[in-house]
Amino acid sequence: MDEVKTIPSSVVSVISVNKDRQGDTIIKRDDTRRDETKRDDRHRDGRDKEADKHRDRDSELSKSKRSREKSSHKDKRRDREHKSRRKDRHKDRDRDKDRERDKDRERRRDHDKSSRKRSRSRSPGKSKDEKRIKSGSPNKTKDEEKSKEQQEEEGKQKTEKETEKAPKKQPLSLEEMIARREAEKKAQEKPKFLTKEERAAEALRKRQEEVAEKRKKLEEERKMREQFQKEADATRGYDRDRRDRRNRKPEEDNKGNNPDTMMEKEAIKARYLGITKKKRKVRRLTDKKFVFDWDVNEDTSVDYNPIYKEKHSIQLFGRGHIGGIDIKSQKKLSRFYSELLEDRRTQAEKDQEVHRMNRVRDKEKKQAYDDRHWTHKDLEEMTERDWRIFKEDFGISCKGGRIPNPVRNWQESHLPPELLETIDKLEYKDPTPIQRQAIPIGLQCRDIIGVAETGSGKTAAFVLPLLVWIMGLPKIVREQDIDQGPYALILAPTRELAQQIEEETLKFAKPLGVRTVSVIGGLSREDQGFQLRLGVEIVIATPGRLIDVLENRYLVLSRCSYIVLDEADRMIDMGFEPDVQTILEHIPITNLKPDNDDAEDPAKLLERVATKDRLRQTVMFTATMPPSVERLARSYLRRPAVVYIGSTGKPTERVVQIVHLMTEQKKRKKLLEILSSGDMQPPIMVFVNQKKGADVLAKSLEKMGYRAVTLHGGKNQESREFALASLKNGSKDILVATDVAGRGIDVRDVSLVLNYDMAKSIEDYTHRIGRTGRAGKSGTAISFLTQEDSGVFYDLKQLLIDSPVSTCPKELENHPDAQHKPGQVMMKKRKDETIFV
Numbered sequence: 001m002d003e004v005k006t007i008p009s010s011v012v013s014v015i016s017v018n019k020d021r022q023g024d025t026i027i028k029r030d031d032t033r034r035d036e037t038k039r040d041d042r043h044r045d046g047r048d049k050e051a052d053k054h055r056d057r058d059s060e061l062s063k064s065k066r067s068r069e070k071s072s073h074k075d076k077r078r079d080r081e082h083k084s085r086r087k088d089r090h091k092d093r094d095r096d097k098d099r100e101r102d103k104d105r106e107r108r109r110d111h112d113k114s115s116r117k118r119s120r121s122r123s124p125g126k127s128k129d130e131k132r133i134k135s136g137s138p139n140k141t142k143d144e145e146k147s148k149e150q151q152e153e154e155g156k157q158k159t160e161k162e163t164e165k166a167p168k169k170q171p172l173s174l175e176e177m178i179a180r181r182e183a184e185k186k187a188q189e190k191p192k193f194l195t196k197e198e199r200a201a202e203a204l205r206k207r208q209e210e211v212a213e214k215r216k217k218l219e220e221e222r223k224m225r226e227q228f229q230k231e232a233d234a235t236r237g238y239d240r241d242r243r244d245r246r247n248r249k250p251e252e253d254n255k256g257n258n259p260d261t262m263m264e265k266e267a268i269k270a271r272y273l274g275i276t277k278k279k280r281k282v283r284r285l286t287d288k289k290f291v292f293d294w295d296v297n298e299d300t301s302v303d304y305n306p307i308y309k310e311k312h313s314i315q316l317f318g319r320g321h322i323g324g325i326d327i328k329s330q331k332k333l334s335r336f337y338s339e340l341l342e343d344r345r346t347q348a349e350k351d352q353e354v355h356r357m358n359r360v361r362d363k364e365k366k367q368a369y370d371d372r373h374w375t376h377k378d379l380e381e382m383t384e385r386d387w388r389i390f391k392e393d394f395g396i397s398c399k400g401g402r403i404p405n406p407v408r409n410w411q412e413s414h415l416p417p418e419l420l421e422t423i424d425k426l427e428y429k430d431p432t433p434i435q436r437q438a439i440p441i442g443l444q445c446r447d448i449i450g451v452a453e454t455g456s457g458k459t460a461a462f463v464l465p466l467l468v469w470i471m472g473l474p475k476i477v478r479e480q481d482i483d484q485g486p487y488a489l490i491l492a493p494t495r496e497l498a499q500q501i502e503e504e505t506l507k508f509a510k511p512l513g514v515r516t517v518s519v520i521g522g523l524s525r526e527d528q529g530f531q532l533r534l535g536v537e538i539v540i541a542t543p544g545r546l547i548d549v550l551e552n553r554y555l556v557l558s559r560c561s562y563i564v565l566d567e568a569d570r571m572i573d574m575g576f577e578p579d580v581q582t583i584l585e586h587i588p589i590t591n592l593k594p595d596n597d598d599a600e601d602p603a604k605l606l607e608r609v610a611t612k613d614r615l616r617q618t619v620m621f622t623a624t625m626p627p628s629v630e631r632l633a634r635s636y637l638r639r640p641a642v643v644y645i646g647s648t649g650k651p652t653e654r655v656v657q658i659v660h661l662m663t664e665q666k667k668r669k670k671l672l673e674i675l676s677s678g679d680m681q682p683p684i685m686v687f688v689n690q691k692k693g694a695d696v697l698a699k700s701l702e703k704m705g706y707r708a709v710t711l712h713g714g715k716n717q718e719s720r721e722f723a724l725a726s727l728k729n730g731s732k733d734i735l736v737a738t739d740v741a742g743r744g745i746d747v748r749d750v751s752l753v754l755n756y757d758m759a760k761s762i763e764d765y766t767h768r769i770g771r772t773g774r775a776g777k778s779g780t781a782i783s784f785l786t787q788e789d790s791g792v793f794y795d796l797k798q799l800l801i802d803s804p805v806s807t808c809p810k811e812l813e814n815h816p817d818a819q820h821k822p823g824q825v826m827m828k829k830r831k832d833e834t835i836f837v
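At position 498 of the sequence shown (counting the first as 1) the number is 498 in full-length UniProt numbering, and the numbers step up by one without a gap.
Just so you know, the hints here were simulated from the structure itself, not pulled from any lab data.
A few of these clues could be false.
[As the list claims (entries may be wrong)] Using 20 Å as the maximum straight-line C-alpha spacing, the simulated PhoX-like pairs for lysine-lysine come out as follows:
hint: 1; residue 1: 691; residue 2: 760
hint: 2; residue 1: 507; residue 2: 429
hint: 3; residue 1: 206; residue 2: 216
hint: 4; residue 1: 366; residue 2: 350
hint: 5; residue 1: 797; residue 2: 760
hint: 6; residue 1: 669; residue 2: 715
hint: 7; residue 1: 703; residue 2: 692
hint: 8; residue 1: 377; residue 2: 429
hint: 9; residue 1: 797; residue 2: 810
hint: 10; residue 1: 510; residue 2: 425
Small disclaimer: the values here were computed from a predicted structure and weren't measured.
Whenever a hint applies, use it, and build me the whole structure from the sequences.
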């Protein structure tokens, strides 16, 4: 015991200091070791992420490569699939290893965290451990020497103890579930009262939830769009057919679609190939050239499709026929079927088929026979349809009751052979339209109103029925009553026309011994009176001279029963209406027809034809039918048959005439002003001088919204009738016409006649404005005058001055061309003469 040496206190203090330093160095080493493990973990995580990226990129590339492969290379695809499967196996193994490595890393991190917490805890136990370490107690080394396995076992034991202590959950019984449900139901039924702040908070919460839901949906849609865009960008450029295009940049794909490049190529092509582009010629409205003929390129009868050019023939392999195609042609094409059917038929069926074919043939022959043209038919075979076609061919239209059918030729006219011989000698091959219809009516002793132009064969139309009646009278009867005057009286407005009628009448009357005398002015009245006293059957006269002869007792009309008024409208226009009435008053009224249905009955009219006391027959021929002519016809004609050859018109009595002097360029504007004012109600007639001008003006009016129709000589009869019918029934409001409509057009209630182009003569102007103001109604006529119309200025000025309802404008009244007639030499006054010395 004595040998034990004591250690000095200084040494003890040094030893304790050294132990403390050793403990600090151990702690520092642990800290550095932990930092190194953290750094290694971060580095390993980075490498793992890079490996994952490489794996994802490799998988995407492998997918894109597999999508680019074609179906034709199946063997290569199979090899690549085997390789990809091997790679996927290696990748799966690496993925499992990485997963195990991550689990180990997580375990170490958890262990380090738990040890770090235990070492840095400020609990009393930790302070005791530190005291022990500082004091150099051996318990510290025992705590540090615990292995990881013991700690894991302790953790497992703790979890097992906790699970044993926790009571097991028992399922609810049926009574408890029912009770709970009833309690919840009562709680729901019980009203819950909320304060204003609670309701506001609940509304705010719901609004926030809705906003969050919308925001979430928008975010999801945005992510989906980004994902779709990424996938599209990733797959762009990989579906090329050729291998050398795979590595090409996506921007190079749009080089060929550059519009500037395409235009440059087209320009170079046009430059070197010599392609010239036709410039479109701009035309003004006034410079338009109207082409009325079809162009070769507008031929639609040629099929451009080769399928329709080379049409396949019809092939029938079964029973029946194709609808809409000729059965006979189908039978020819299906000869095999017909032969097979013929072999299967019995003799009775064959006979029945022959009988049926004969009936069909007879029916077709009869149909073809009935469909013949009227020129190939006899008179008894003519049907109502044939007569209608006949009248349309010659432009004949009739009005009246019980009108007989027209004659087709001279042989069917029922004229005496003597007259037919004379007609043959005169070489009258076919009757004119007015003769075809007027002769059969005249032979029935009917009154006639024939509307036709001069020179259309009207003379023969009324002379031949007259001669037939005169020839039917005994010659001794004609000689006994020679002092009673003529049997027929023909009135004409002018001497020339009367002489022309006399010449035509003598051609037929002289071979028959019928005497004819003309009573006209300008010849000796005594000579004419002497011829009349010798006895005549036909007198042709003008109204003035005939009244003179009647008043001087050279002639009486006691037995006159056939009266003809030729050119009645012209006669009345010339002022002969009172004279005509005076002449008709000299004829006895004992032979007038009754104004009833008997005047239309041919049987009753023909009862007295063979005698000298026949009923009076009045025939009136006119080019137009003015009101005065109609008034005359109503006074002296009984139930007349009206025959129209062409069209008729009526002049007017009271018309307000308005004249505008302007240039050619201002006409269209002024016309639109008049039409748009609304003062004039349809129908309206606009007259121009040229056919082309009528078409152009009508088209321009239609573009402006007006319903216009044209009528001129370039149109056929159907188009003219359609235009007039459209104006009459109200489907069209404006008629643009030439002078064709200036005469003979009858349209009721025409409110305005507008002379867009002034007529070339004052007579045409008079006929034009006569289309309005009919039957005592007032009308308006507006005329556009230019310097080119100076030839009618004087006559137009006189008409305007003489009209009681019209005024002459100052421009026309003071115009130099309106001061004298065209072609008249004006003598200067002495004070206006200039003497050159």
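Here is what the structure says about each hint:
no., hint, in the structure
1, 691 x 760, "holds, 15 Å"
2, 507 x 429, "holds, 16 Å"
3, 206 x 216, "holds, 15 Å"
4, 366 x 350, "violated, 24 Å"
5, 797 x 760, "holds, 15 Å"
6, 669 x 715, "violated, 28 Å"
7, 703 x 692, "holds, 17 Å"
8, 377 x 429, "holds, 19 Å"
9, 797 x 810, "holds, 10 Å"
10, 510 x 425, "holds, 13 Å"
This entry does not satisfy hints 4, 6, going by the numbered hints stated previously.
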